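There are 2 protein chains.
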Amino acid sequence: MTEANPLIVFTPSGKRGRFPMGTPVLQAARALGVDIDSVCGGRAICGRCQINIGEGEFAKHGITSTQSHVSPVSKVEERFDRIRGLAAGRRLSCQTQILGDLVIDVPPELQVHKQVVRKEADTRAIELDPCTRLCFIEVEEPDMHKPSSDLERVYRALKDQWNIENVSCDLAIIADLQKILRKGEWKITAAVFSRAPGGGNRLVAIWPGFHDRAFGIAIDVGSTTIAAHLTNLSTGEVAASAGLMNPQIRFGEDLMSRVSYVMMNPGGEKEMTAVIREALNTLTQQVVAEAGIALTDVLEIVLVGNPVMHHLFLGIDPVELGGAPFALATGLPVTVPARELDLKLNPGAWCYVLPCIAGHVGADTAGVVLSEAPHEQDEIMLAVDVGTNAEIVLGSKARLLACSSPTGPAFEGAQISCGQRAAPGAIERIRIDPVTLEPRYRVIGSELWSDEPGFEEAVSATGVTGICGSGIIEVIAEMYLAGVINQDGLVDGSLAAISPRIEPYKRTFNYLIRDGEPRIQITQNDVRAIQLAKAALYAGVRLLMDKLNIEEIGKIRLAGAFGSHIDVKYAMILGLIPDCDLTHVQSAGNAAGTGARIALLNSKARDEIEAVVRRIEKIETAVEPKFQQHFVEAMAFPHKTAPSPHLSKVVMLPPRKDIVIGDGNDDDGGGRRRRRRG
Amino acid sequence: MTEANPLIVFTPSGKRGRFPMGTPVLQAARALGVDIDSVCGGRAICGRCQINIGEGEFAKHGITSTQSHVSPVSKVEERFDRIRGLAAGRRLSCQTQILGDLVIDVPPELQVHKQVVRKEADTRAIELDPCTRLCFIEVEEPDMHKPSSDLERVYRALKDQWNIENVSCDLAIIADLQKILRKGEWKITAAVFSRAPGGGNRLVAIWPGFHDRAFGIAIDVGSTTIAAHLTNLSTGEVAASAGLMNPQIRFGEDLMSRVSYVMMNPGGEKEMTAVIREALNTLTQQVVAEAGIALTDVLEIVLVGNPVMHHLFLGIDPVELGGAPFALATGLPVTVPARELDLKLNPGAWCYVLPCIAGHVGADTAGVVLSEAPHEQDEIMLAVDVGTNAEIVLGSKARLLACSSPTGPAFEGAQISCGQRAAPGAIERIRIDPVTLEPRYRVIGSELWSDEPGFEEAVSATGVTGICGSGIIEVIAEMYLAGVINQDGLVDGSLAAISPRIEPYKRTFNYLIRDGEPRIQITQNDVRAIQLAKAALYAGVRLLMDKLNIEEIGKIRLAGAFGSHIDVKYAMILGLIPDCDLTHVQSAGNAAGTGARIALLNSKARDEIEAVVRRIEKIETAVEPKFQQHFVEAMAFPHKTAPSPHLSKVVMLPPRKDIVIGDGNDDDGGGRRRRRRG
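Protein chains in written order, with my numbering: chain A, 33 to 710; chain B, 33 to 710.
Just chain A, with the same shape it has in the complex (with noise of 0.2 Å):
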């Protein structure tokens, strides 16, 4: 490389150097370490390294780059844009030779290491990087005179032409190997696994001739549902999405009722085991044909779960987690073949199981700290991912701390009179007047509100069946601010000579919300129920924030089909979440999918989620005196011992039963007016 020879400038990287006369553009990309995509492995076949040749002058360069400094359009150039086409201008770097001084763009789409663009606003971007890579190459025919097994020649081919060594493989590689070869007439596609459990790469798949559909599969197994994304590996784009109720269900509706159904039925993980593969399979099958697919073409799959469906997928008896110490089996990150969790995908597919942090926080947990990444934040923030337990993660760059909270299924609907799950039918939103406590609300599947025109037909098909989860929350925050419940959770009975909808039941009030069949209502016990478990939600958080000895939070994410739905002003109103300024409270929507999606992507993310839990400092509420006393006095509305000045902003609440209206840009569609009693 002397001054004589042209100088190439690598944009959007910047990166630069002389190279002689001739040089393929790919070859200098990278010698200059500049992230150009290539399955072929420089063939003119895979089209991955395009490339854009600058034309004029690039004073910032000192340099002047035009179309004849680099070799004309070669024939298999034109082949290849005969048969797959490339776009006015682009050329192939592996077939382009540097005849002089050149400013070359890398097209974002073609960068390795791209990051793919999430679709939530205010997340990082995912880098593509993944573990399973495929690499077209050419193998050397067998010579007598130099004798050698095939598969020895395969490992020196993915040597010479990928720089990838300490390969090993299964034996169905190698008993497919030779007809693959002579198939392929010497030239193969391999698909290499970078991260085996012991270290090395592993060769998992062969397909003759170029091949270049590699994709995988992130998986969240909830209790209730199961949510699977296509993702196809070299562009990181997802290709198809599903979801499927857990058919465990059938076994108990939530988590502990599951663990019961084994203790109380020996071997009954093993049917529970086989059931939630079954629907993994289920749901892959659906993906894969959705996309377009073959199901060989799906060589990963990653897997997050709370840990009761952690070790049940996993075939591991849940019962150590029914009980103290709940102890895991195991909480390290698992990588086994696909093919021993009777997943039916290419058959050298692998496996990869998020770490857990803790017997009641699991792999979930670990994929929402992935998609959220609390721990690379400056200021503190708190995830909290909603279930049957909350799963609570407070924290920064400095400290990261984990608990569960054991909040009952009360936000699910469960042990709510009139709860059900978010389905057509359910209530979602609900607002009550202040002054004649009136409730108007919408129903899942209807854009209408109960007081509007239509609205009885358009709900007619469902009925108006149950209130879902994110309902709940908003219909005992609404009856707290009409006043009709007080700090205390106590149903106002003084307020039936004003309201109808106020009525007696044994010896506590309900308030009606609409009658019919089903008759839906509130009771006491349910304002009940939700006040246990939002003051063990609360209790869960503050007891990190003493931890960590802190008072404010600056960014809240909530996670999952909870999350994701309930207003988060409900929240705080209710005190579900601690004080924090409204617009740093953010739902994450499914963030321990999306944790898998980047865990399947992006292989040092592996590497980072693992040294992020094992740093966690895992907290143990059962164990924790304050846990108790936290959890009593979060049971008001809203908690005593932390009003919201950031609430206040929005909703002034009651110094005694007065309430003050917000700003009314809220759904409800209209302002609210003042109301005063006494």
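Source of the hints: derived by calculation from the structure; they are not laboratory data.
Note that the structure is predicted; figures quoted are calculated from it, not measured.
Do not take every clue at face value.
The list makes no distinction among identical chains, and a pair is therefore deemed to hold if it is satisfied within one copy or across any two copies.
Listed below are the simulated DSS-like cross-link pairs for lysine-lysine, each with C-alpha atoms no more than 27 Å apart in a straight line [said to hold, decoys possible]:
| # | residue 1 | residue 2 |
| --- | --- | --- |
| 1 | K191 | K636 |
| 2 | K636 | K146 |
| 3 | K178 | K579 |
| 4 | K376 | K302 |
| 5 | K658 | K178 |
Following the hints, complete the assembly by docking chain B onto the known chain A.
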């Protein structure tokens, strides 16, 4: 460690050091790197750490050692003695504290890395250093104040108590872990395998409490017979051996007919794989039953075999080995879970298959190399394993070559008119009187020669049914020495005038050994078959000698069943093997199986053979023009190119047809008489 501390000298190693009063002897030994075994990690359970306390003045070491310089026998030692027995004077070093200067003797049978003595004379010992070791560990109980999973605490115990890190394990282990930990009351024995692909340690089996049985099986899968040796991984002792006919024989007697079977019957390789694996399981069950252990105590299996057997037991179609360029699917060492070969051992057991050298030089030859160690010799060693092909290794420390020579099945008795496998009734020894041309012979199953009284009664059960491989070598050589055949292998029809045993047959002559049913005779075609076989063998050896540019061979090792049974003198008369001092020609017995046993017992032996096989120069006789030339030249008796100076000490070869009888020290029971013709 000050001068004031007692001085401890360990014998036989001579390692010495000073330790504070009260230090346990085992701890001192470990600090000094003295090899004392222990499975229980110093808990007085396993009894492997026994020592003898020296008594008296040890001038050599400058100290006086007495029983009073150690702590008295402790309660736990008394208990061990009561339950398991402790030889007089023996102490458990883990329980014995240093109280003064000591000379401590480590009994040879209790040393780690001890030498395992092999039955064969003049062979190197095996150093005991297995890949799988048992480790008794005490695991911390779960503690809600410091939540961690059971597996994490197992890994921590392995690190803290055994210094074993980077451990992974099968899902099956994780699924069993919680029950076994609780059953063992947090004490378990773990089997750790150190050579899983990729690296790291693999937890392969766990037992509640203390367990000290760990076995491995070494198996040589021959085309005709399969031999298994169950070996104690802690002592190196062979606990049981068993052999079985290879059931694949029903698909074809020899290798090529089995490969042909696959070519003619697509999928036939799957049948052959199934029957061979079934046979391996049958053998395994036999040896395990004989030794009175459980199948789950078998933690490793090592397999060797020729390339076709190697491919078939691994489940690889062997058709490519049936024709040029004879490419192996893999020649690399294979390390796979034994269950992937359908082998029913401990479910966590691993299988190791030695590397193959070339398309016709298999893992069995690698076993021969490991056993006979030509790569460690100063002088040139020839190791030959004769079967349907002769696998030939030649060389020394400096350089090693290997080839395979197509001897055909004549040496195994096939393609010989009266040939048969070595079995009762087969002629195995023969002498021909050079004057009368009368034969005397012995058959397998009787110690009597045919001219001794009682011979006919002794063989009446089986009859005399044919001639086995080693018998054929002798009869052809004796025919030559008696002048029945000339140097060109032609049966001398003129002798029909002297003896009725020379019978005309078509246009040639037969030599009749025994009249009766069956009639046992040697035809001209039989002589030709042996000439072709021996010429092929010799030509292969000669080719390698050319490559090494040598004329002399220092040592010869004849491996395999044929090599073990032939009289090397006759082999040299016929020119099967090149000139060599007869005292340096030895049978190596089942050297391939011995090699498998070495690889089973010594982890470094696997590195060794893998490295040696890589540097062996593979010669393909099919593409070497000189091979044909040597082959043609080697057809005559004795070959014309290299008369034997060594052999002439034993028998003088006929300058024309004169025979000078040797010194009569061979086992034919008497001197020979001289006969002159012409």
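Verification of the supplied hints:
1. K191 <-> K636: Both: 22 Å inside a copy, 26 Å across copies.
2. K636 <-> K146: within (14 Å within a copy, 44 Å between copies)
3. K178 <-> K579: Classified as between: cross-chain Cα gap 15 Å, same-chain 68 Å, threshold 27 Å.
4. K376 <-> K302: Answer is both: 18 Å inside a copy and 22 Å across each meet the 27 Å cutoff.
5. K658 <-> K178: between (75 Å within a copy, 17 Å between copies)
The structure is consistent with each of the numbered hints, conforming to all of them.
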